[in-house]
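Participant: Sequence:
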Amino acid sequence: AAAAAPADATAYRTQASESIFAEAKGLMPGGVSSPVRAFKSVGGSPVVFDHVKGAYAWDVDNNKYIDYVGSWGPAIIGHADDEVLKALGAQMANGTSFGAPCALENELAKLVIEAVPSVEMVRFTNSGTEACMGMIRLVRAYTKRDKVIKFEGCYHGHADSFLVQAGSGVATLGLPDSPGVPAGATAGTLCAEYNNLASVEKLLRENEVAAVILEPVVGNSGFIAPTKEFLQGVRELTTKYGALLVFDEVMTGFRISYGGAQQHFGVTPDITTMGKVIGGGLPVGAYGGRREIMEMVAPAGPMYQAGTLSGNPLAMIAGIKTLQRLQQPGAYEHLDRVTGRLINGLLDAGRAAGHDICGGHISGMFGFFFCKGPVRCFADATKSDTHKFARFHRKMLEKGVYLAPSQYEAGFTSLAHTDADVDRTIEAAKEAFAEI
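Counted from 1, the sequence shown has number 263 at position 263 by the numbering used here; the numbering is strictly sequential.
The set of hints was computed from the structure by calculation and includes no laboratory data. Everything hinted at is true.
List of simulated lysine to aspartate or glutamate pairs, EDC-like, C-alpha gap at most 16 angstroms:
1. Lys430 - Asp356
2. Lys372 - Asp348
3. Lys395 - Glu435
4. Lys40 - Glu18
5. Lys321 - Glu105
6. Lys144 - Glu208
7. Lys430 - Asp348
Based on the provided sequences and hints, a complete structural model is requested.
Facilitator: As structure tokens, then:
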């Protein structure tokens with residue numbers, strides 16, 4: 001059913017958000033629990049949420065938004081889904097955390113293994129960062145090699161090994177990108193350029209590499225799609241040089257198709273990291289792969305990794321209910337259709353208003369840049385006009401549309417987003433493009 005437009009006739013209000021955030025800055029570093037929420041890259045005070053439902057979010061000033069962040073990806077069937085909430089309520093009556101095996105772990109594990117081509121065994125964690133920490137230790141343990149290749153602009157959580165600055169040129173040795181990261185922690189991290197196979201082969205030829213790790217569709221430099229030839233080429237190169245291939249599908253897993261990017265592109269890695277969607281809005285992560293590799297993980301093998309809340313029943317049941325909904329016919333067709341209408345409408349409106357803008361989508365994941373494009377790698381993304389994006393972001397907030405507060409973040413739709421939501425968003429964008 002068509003949804004009512006979220007923007008109320010009343011003026012846009014921010015006083016309550018500003019008051020809460022002002023207090024928060026004295027209580028938490030930067031006033032937030034995760035940096036991008038602070039709106040540093042778009043300016044102004046962040047919106048403080050009060051509640052969410054379906055495709056919508058309400059802030060503490062009672063402004064209503066069409067939400068295209070979706071808790072940064074997990075809310076793929078819509079916020080606060082009734083079936084998920086009902087299942088969570090029933091589980092809470094039985095306990096929130098066991099610190100012991102529970103049958104729900106088996107159920108979610110079977111769903112993941114059945115869906116994701118590369119996964120024969122899976123280990124649950126509490127976040128995507130935690131999954132990637134386990135993954136990098138695993139690839140090194142399995143291959144008995146220390147060096148890994150990542151790509152400029154790809155994010156794999158905040159573990160020391162991954163906080164590596166993107167260097168100029170085709171490829172560079174990694175230097176720590178954050179104070180507190182010792183040089184030794186990133187000495188084994190090599191950087192290549194996304195969508196550039198030559199940069200990958202050069203590093204593989206010159207180094208004993210444990211694994212090549214990438215976002216199969218980049219979401220942490222904005223939305224950047226790979227060429228299928230690039231993914232296939234990386235698969236062939238890793239096999240040739242005896243390295244493992246890792247897809248970080250924390251963002252793309254169960255989002256761009258039920259089997260993730262690897263199903264969508266027909267390229268199967270050795271190991272996959274996951275998160276977001278598989279927890280249905282609760283904290284979760286996972287890594288999985290071929291049985292012979294995963295049996296290195298303790299207690300089956302010698303590579304140690306653990307977690308007090310890993311596999312907790314609340315995250316498991318929320319994930320199960322979410323994946324069951326995504327199995328229903330038409331789910332991904334809906335995501336592709338509404339997202340395609342959205343991004344094409346935004347691009348057309350921006351160009352009609354005289355702006356340089358480019359972008360794209362795959363299923364329920366999208367993004368755009370204020371530059372002519374095309375954007376094929378992080379270096380291309382940095383040519384975007386971030387100041388213009390900041391102005392556009394603020395105008396869209398005022399018109400009842402919540403976009404990710406950074407040019408360098410992908411956007412997300414859900415099964416709850418309607419054609420009316422998309423129409424309202426495009427109309428708001430037309431106004432915003434004219435005003436900036």
